[in-house]
Amino acid sequence: MKMTGSQILIECLKKEGVSTLFAYPGGVNLPIFDVLYDEDEIDVVLCRHEQGGAHMAEGFARATGKPGVILVTSGPGATNTVTAIADAAMDSTPIIILTGQVPTQMIGNDAFQEADMVGITRPCTKYNILVKDVNDLAQAMKEAFYIATSGRPGPVLVDLPKDVVRAKTTFKYPDSVYIRSYSPSRKGNKWQLKQAVQEILKAKKPVIYAGGGVLSSDATQELLTLAETARIPVTNTLMGLGGFPGTHPLSLGMLGMHGTYWANMAIHHSDLIIAVGARFDDRVTGRVKDFAPNARIVHIDIDPTSIHKVITANIPIVGDAKTVLTELNQLVGASGNGTAEKFKDWFEQIEVWRKEHPLTYDQSSEISKPQYVIDQIYRVTSGDAIIATDVGQHQMWAAQFYKFDHPRTFLTSGGLGTMGYGLPAALGAQKAFPDKLVFCIAGDGGIVMNIQELTTAVEQKLPVKIAIINNRYLGMVRQWQQLFYDKRYSSSDIGIQPDFVKLAEAFGVTGLRANEAKDVVPVLEKALAIDGPVLMDFRVEQEENCYPMVPAGAAINEMVFSDPIGPGPSEEMQKAKKAGGILTA
Amino acid sequence: MQHIVSVLVENKAGALSRISGLFSGRGFNIESLSVGPTLDSDISTMTIVTEGDDRIIEQITKQLNKLVDVIKVVDLTEKEYVERETALIKINARGEDRAEALRIVDIFRARVIDSTQNTYTIEMTGSVKKIQAIINLLKPLGIKSLSRTGRIAIARGDIRGASVREMTERRGVSA
Ligand SMILES: Cc1ncc(C[n+]2csc(CCOP(=O)(O)OP(=O)(O)O)c2C)c(N)n1
Ligand SMILES: [Mg+2]
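Residue numbers (our numbering), protein chains in the order written: chain A, 1 to 585; chain B, 1001 to 1175.
Keep in mind that the hints were calculated from the coordinates and are not lab data. Beta carbons are placed, not taken as given, at the ideal position from N, Cα and C, and that holds for glycine. A hint or two may mislead.
Taking CB as the label site, the calculated pair distances span [as the list claims (entries may be wrong)]:
1. E39/A <-> V1082/B: 51 to 61 Å
2. S1041/B <-> D110/A: 28 to 38 Å
3. S176/A <-> K1129/B: 29 to 39 Å
4. K1144/B <-> Y173/A: 56 to 66 Å
5. D175/A <-> R1111/B: 50 to 60 Å
6. D345/A <-> V1082/B: 38 to 48 Å
7. D282/A <-> I1159/B: 38 to 48 Å
8. D110/A <-> P1037/B: 50 to 60 Å
9. D175/A <-> L1088/B: 24 to 34 Å
SDA-like, lysine to any residue: derived pairs with alpha carbons at most 25 Å apart [said to hold, decoys possible]:
10. K1062/B <-> F291/A
11. K1079/B <-> G1150/B
12. K1066/B <-> D281/A
13. K309/A <-> N1065/B
Bound-form chain B, shown alone:
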């Protein structure tokens, strides 16, 4: 089953490769991985979409936690969460296709963010399903290039996820 794991990690050189190396070294699967800053510039957040049975997912979260630079790991799949992905889709858009493209963009509440005589670049944000759907509809027009962010996710409302505020409430051990 697919899981979305959210990871708070020290923003240090090598932290990303420690995590991606963990996945490749232990044969875990990564569908997507996205990284970005948090409110605290020393900390990054990563959203990893992975796949595996319960035992594997348990190992993944434990192995992530074991990495010295990892502050917190939350398997959002066990909670209520919202997720989004953004795709930038550059399509051929000539003649009548331009109108067809705009109709599709409209239906999906996407946006055209760049337009040339022969192309449109469309920004689409939504669930993976929606992104897949718009891609499928745009395909016949001819997709010239596609760039996707990978999924990001966050726990709903008051549910605890991997947030910087909670992290600072945690106590470490000193020696």
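Isolated chain A (complex conformation):
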């Protein structure tokens, strides 16, 4: 029996186990929406802006590990997804973007709502393809899912001209894919693995530096085993949080620009860094030339381009984190490493650092500190919620003060740092897990970047709890302006803002406000007692800064812990400024 391209597309999605489709209609994808109208197996989530929809697909993917799928129309519908595509590319999130396209014979003629999506997204997709013939559609879909989810995951865009989705052919879904030019290696090189074990046996001050790759490859158990058998402390990147239990005694918390002092000091003084699924991002390394001067580096990553890109590894191991760690664990287990005695001095030193500069804040005034709100969210959720954040100070505080014990519970935009990510990502995760508690922690700036998705929350009955950390500033920008631009708050004052409680109510969402610290817990408890979505406006100290901090251009052991005393930037900050760091918030 012959089927139309639209029917084939939907059948392909079903074959790939897709049951949720984020979508927004328009002229050229109407044939597809027409098929979806009768489709029972696929739940269509109508977003209110394609960027929001694509972030929902990301949130869905990060929370489940399965690819998130979004269907949009050509031209503006498609270009609206580009930010989220770039975001997914940076953070290795598997999403499939299905874009409508003008009919093949009109391509290139500046037709109505035509945009060269394959051209526009070439640098920010893992792969993209314009399907020109309905007979190629099933194969293209099979390859799209395979490429998006294998190796280092990422976004794949499939561009679907209107005539292709209307044309008919017989449907046969390929059982397997073989792409001769694409074969990500999974297993680590045996010899290198043995070398890595030798390094572990020799080390006196080892640290595991674990990134998002641990989550992508579902290697949290293997990581835990390695850390516990070899007794090596673990620090996580922003993207890696939840990949190692945050409350575990061996956890050092996050490293990098706003990481913990003890994680950064441990890295700086270590003699062996085992990097797993991490890419030595500039927010992690600080000044590269002074990064971990005495450390040997074992670098495990599935993406060969990550290795030796920023830091030269002594033992490069290209492979899938889960597979490599499993192999490594066998070797380490057999080697009899791991008496608590061996690293006694090292652990003691780390404890000294831990006590020297703990993560703190001073909640003595009536007005709430932003960190206090995060702390209380951690408490009322017993550390067991999925937390999506937006981008800014609140994001860093969430990373510092919420202890993530479980994989895929922290959804955040790391590589691209996309404001507007948080709310839709939370909705995507809630859609995947209707019974889990999902929080969105956002700033008063970023929340309005995709606020329209509150309607999606209402329509889809997604009981997301949204906490706005309202400092009436583009806080992270203001912090940098305070520290590096003599407090000249150029365009970072966003005191003119909507009444968020009324705004929530206008959307049909419960709105709550906490004006003072004493209101924080009651508001949270009230929100938890409500079945549907709730938006909470937490008024917080306006000029609180996020510390500790590695100023741009500084090395990670050169952290700053508090505001400069007296007028003008502190000595450290001036030094950082002179060092010529790239000052971007």
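Position chain B with the ligands against the provided structure of chain A, taking the given hints into account.
Just chain B with the ligands now, with coordinates in the frame of chain A:
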């Protein structure tokens, strides 16, 4: 240092712009790039002349390999290889200059492939050095236009380069 990188790539729409986009997007430098078919019409071969230190060249080859449509990447600079470039050079050729031009053509074992009353078009194939040398000698006569292919290169004798035969010996992974 200059490197010659040979790339086998699926002959698909967009493959060339994926590769040139990779170079511009990541700030790698392209001196020349030439593309042509292979024995297998589904596969093209590209010769890219680029410049960079070891770290950059390593990134270039790895990033090229990471592109889904790229089948094989070989840095020929690490091997023994032969390289050629062809230039078509149209010069002013009047009166006595015609004889001078022919003498130069002869010395370089180039050829005149088009001749009018006032011009010669010369085809010169050789190493980049030789091409540069003939251009320098022809300059005084007046070069009207110049078209160069960019370098192409191939590994010597039995040394493995990026060939279609080797490629088909490779095994991919199926899912
Ligand atoms: C789309 C986008 N535009 C601009 C920025 C630059 N930026 C980074 S943090 C930030 C401030 C965010 O303010 P807010 O949402 O209030 O969060 P806060 O830092 O106050 O917690 C800005 C503007 C960005 N990351 N993303
Ligand atoms: Mg703010």
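We went through each hint and held it up to the structure:
1. As the Cβ distance of E39/A to V1082/B is approximately 60 Å, the hint placing it in 51 to 61 Å holds.
2. Between S1041/B and D110/A, the C-beta spacing of about 32 Å keeps the proposed range 28 to 38 Å intact.
3. Range check, S176/A to K1129/B: about 50 Å between beta-carbon atoms, so the 29 to 39 Å window is missed.
4. Our hint of 56 to 66 Å for K1144/B and Y173/A holds, since their Cβ atoms are close to 59 Å apart.
5. For the pair D175/A and R1111/B, the supplied restraint of 50 to 60 Å holds, since their beta-carbon distance comes to about 56 Å.
6. For D345/A and V1082/B, the Cβ-Cβ distance of about 59 Å falls outside the hinted range of 38 to 48 Å, so the restraint is violated.
7. Here the CB-CB span from D282/A to I1159/B is close to 39 Å, well matched to the stated 38 to 48 Å.
8. At roughly 32 Å, the beta carbons of D110/A and P1037/B sit outside the given window of 50 to 60 Å.
9. In this structure the hint that D175/A and L1088/B lie 24 to 34 Å apart at CB is violated, the actual value being about 51 Å.
10. Simply put, K1062/B and F291/A have alpha-carbon atoms about 24 Å apart, close enough for the 25 Å limit, and the pair holds.
11. Among the hinted pairs, K1079/B with G1150/B is consistent with the structure: their alpha-carbon atoms are about 20 Å apart, no more than 25 Å.
12. Annotation: proposed proximity of K1066/B to D281/A holds, straight-line Cα distance about 19 Å (limit 25 Å).
13. Between K309/A and N1065/B the alpha-carbon distance is near 15 Å, which keeps this suggested pair within the 25 Å criterion.
Of the hints listed earlier, those the structure fails to meet are numbers 3, 6, 8 and 9, in rising order.
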